[in-house]
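Please take these sequences and the hints and turn them into a complete structure.
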Amino acid sequence: MKKNNYDKLLLSAYIDGELSQAEKKYIEEKIKSSLELQKELADLKKLKDITSSSIDRISDSPFFETRLFANLNSNSNEKRNFRKWIPAVSFSVITIALMLFLKFNPNLIDEVIEEQKTNIAGFYKENLQPLLYAANLTNEDIFNFAFNQELPLDSTNQQVLKLGYNEKGIEYFEIKKAMSVSEEDNFEKFVAALDLNDKEVEMIDSIIGSYSEQLSGMVLVNDKNSVAISPNIWNTRKAILADILSFAKKHAASDYYKMVPEAIAIADDKSVLAWVSESKSVKDDKYIFCTPDSIFREAFEFDYVAFNKEMENVSRELAEANKHLKKNAEFRFKIDTDITNDDNAKQWQKQFEVSVDTNLVKVFVQGIDKDIPDFPEFPEIDFPDFDSIAIIIREHTNNISTVSPRVPNVPDVKRRDNKKKFDVDVKTGNQKKRRNAGINLDSLMRQNNLIADSIHSEQMKMYEKKSKSDGTDLYYDNGLILEHNKELKKEMDELRKELKKFREDMNKTQTDSSKNRNIKKVILKPIEI
Amino acid sequence: MDYKLNENNEEDMQQPQILSLDDDFSLIKRFIDGDESVFSELVKRHKDKVRNIIYITLTNSNSADDIAQEVFITVYKNLKKFRFESQFTTWIYRITINKCKDHLRKKNVRRIFLSLKDEEAEPVFESINEDTDIKEIVRNAISTLPDKLRMPLVLKDIEGFSYQEIAETMECEIGTVKSRIFRAREALKKVLKPIEKELML
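If you read the sequences in order, they're chains E and P. Under this note's numbering, the first residue of the first sequence is numbered 30, with each subsequent residue one higher. Under this note's numbering, the first residue of the second sequence is numbered 74, with each subsequent residue one higher.
Warning: the hint list may mix true and false statements.
Stated by the list, open to error - Subject to a maximum C-alpha distance of 25 Å in a straight line, what follows is the list of computed DSS-like cross-link-like pairs (lysine-lysine):
| # | chain 1 | residue 1 | chain 2 | residue 2 |
| --- | --- | --- | --- | --- |
| 1 | P | K270 | E | K74 |
| 2 | P | K262 | E | K37 |
| 3 | P | K102 | P | K154 |
As the list claims (entries may be wrong) - Chain P is faced by these chain E residues, among others (derived, beta-carbon under 8 Å):
| # | residue |
| --- | --- |
| 4 | L38 |
| 5 | E47 |
| 6 | Q50 |
| 7 | A51 |
| 8 | S83 |
| 9 | I84 |
| 10 | R86 |
| 11 | M340 |
| 12 | V343 |
Unchecked claim - Take a look, some chain E residues computed to stay more than 12 Å from chain P by CB distance:
| # | residue |
| --- | --- |
| 13 | K61 |
| 14 | S62 |
| 15 | R96 |
| 16 | A99 |
| 17 | F120 |
| 18 | Q145 |
| 19 | E203 |
Hints listed in this document are in silico derivations from the structure and should not be mistaken for laboratory results. Note that CB positions come from ideal geometry on N, CA and C, so glycine has one too.
As structure tokens, this is what we get:
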């Protein structure tokens, strides 16, 4: 058995060609005489073939050298291991550093954002100039602002800034086209109603005039289409109103109480004055900026003195160079209607509510005159509701206008020669906006649905004929006239009666008002800014 | 057939091998003198053989290149200490085989801890169907041999090493190589016994 094994061992070495000559001779002899070894040899050769062909050569590795030299360049295994960790380590170090840094400087991100904001704000804050300067505020304008909360924004009075409170009590301002061009001399009427003497008129002139500069600095614009409005304008308006009312109360108490019920008259004068002077001294530096792409509140200081100086120079130069330029200069306030209430707006929606129309920008601002940060609180005085007083006074002053000496001829019923239309110039308190609007009978009849449109013109001819022959007596006997002509007749009679009464009244007041003429001249003095 | 081819290859290579020996030595001398650029030439000459030895020794191509990289890095680091006492090939193959042994040792250590899972992953020869590639069966059979037996067998039958070369590479006696190859063949025969007929066809 052992020998058999030895033979097999030799056989294995034999097929590998690794036997010495003696061993080779020995085993070859053996193979010849042994079938078992012959079979064994065949098996072994077969096995060797199978083994050697079982494993293919490994496929080429084209990047083997590249990889190797990269590895060699990193020198040692240790270094290589370390390098493997460099990205991870550096990232973790950076992360930890950032975390620590932010932990101790939590405001960093806020500061970065704030800085960006400031940059943008700076862009829009450039070159801001008072808008109201261009509007050439008169005392009348300021007076109207105090009472009506509307400030003209340009000299042609096409646009106004309106302050107000919505139903929720949130402050808003809108920039819009003036709905009606108010030309009433409310201030004059007010002064007239108070029956002030010359000195007192001068006083109230100067009181109101003193606000002109303050107001001018509150609405600023520039060429980037941005508008800056000082929130303090809400309080300034109240201050002007309070100032006017307290002056009126002081100097013309009896006339004042005629207009204002005593119950809602102003509280103690001293506190009003204190309040007013406080409002004048407060310099709220946080303007509300409306720009084409954002609305924000930012600190801004307007150097009115420097501006005034500059404007003086400019106007002097202009006056010297060509005077007509200044005359024609007109400020156009452009509103970018692309401002929309998009999603980005959510951030400031808490603070602002903006609605934009083609000819109107309306911005609601919450908590403007109540809790502005850094805004010194006004003394706690229980003030009456200025606005309601303003309404009452407005009504009264409007009624006064019916006795205005400026229009001594009204009411007047004229008959125009050929057209036979009645032009009635009515100026009553309730019709202030249509002061000079002609009322003709034509439209009256139409309003009453007395005459069908189709036959209107023909009927008018008839009517004109009749009235020509009959004088003022209107009479219709034509088939074209509808059944309601009797009612028309009645109305016409009533109207005529009213007109008669008006004429009498006017004649009476004409004499009364003559004494107011002196005052009027003083008032009409134009106010320079 | 393959056997004969191998024999022919060996004969063909004998002439250039002598030349290459000189070349290896002269390259190494230049390397020792400071010209490290010649190392790439050495790599170029020997990488295929080294990679193949690893491949057949491990019967696994996945980690062959990684180990080959390690081999050449070791060569690079130690080349300046080369004493010209043996052929460069013997030296580099010895390094290669040692790296393979290291690898297998680590793998065996891992296998101890992962024995349950790995047993399932081990090649199984229980069932053989017609589609099974005979080469693959033999490869798997070889891979089941103990490292000690498998290494000389594949170096002999696949790489065509002589017993002398194997002994030098594996740092053992020629007699040991002879007997290990014999035992490897005996073991392989046993493993392949169930499919003897298919193999003989």
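Now for the hints, and whether the structure bears them out:
1. K270/P - K74/E: Holds, at roughly 15 Å.
2. K262/P - K37/E: At roughly 13 Å apart (the allowed maximum being 25 Å), K37/E and K262/P satisfy the hint.
3. K102/P - K154/P: Cα-Cα ~11 Å, so holds.
4. L38: L38/E check passes; min Cβ-Cβ to chain P is 5 Å, inside 8 Å.
5. E47: 5 Å, holds
6. Q50: Violated: closest Cβ of chain P sits about 16 Å from Q50/E, beyond 8 Å.
7. A51: Cβ of A51/E sits 15 Å from chain P, so the hint is violated.
8. S83: Interface hint status for S83/E: holds (4 Å vs cutoff 8 Å).
9. I84: Result: holds, 5 Å to nearest chain P Cβ.
10. R86: 6 Å, holds
11. M340: 82 Å, violated
12. V343: 81 Å, violated
13. K61: Correct as stated: the minimum Cβ-Cβ distance to chain P is 21 Å, above 12 Å.
14. S62: 21 Å, holds
15. R96: R96/E not clear of chain P: closest Cβ-Cβ about 6 Å, inside 12 Å.
16. A99: At about 10 Å from chain P, A99/E fails to clear the 12 Å cut-off, so the statement is violated.
17. F120: 26 Å, holds
18. Q145: Q145/E is indeed farther than 12 Å from all Cβ atoms of chain P, at 51 Å.
19. E203: 77 Å, holds
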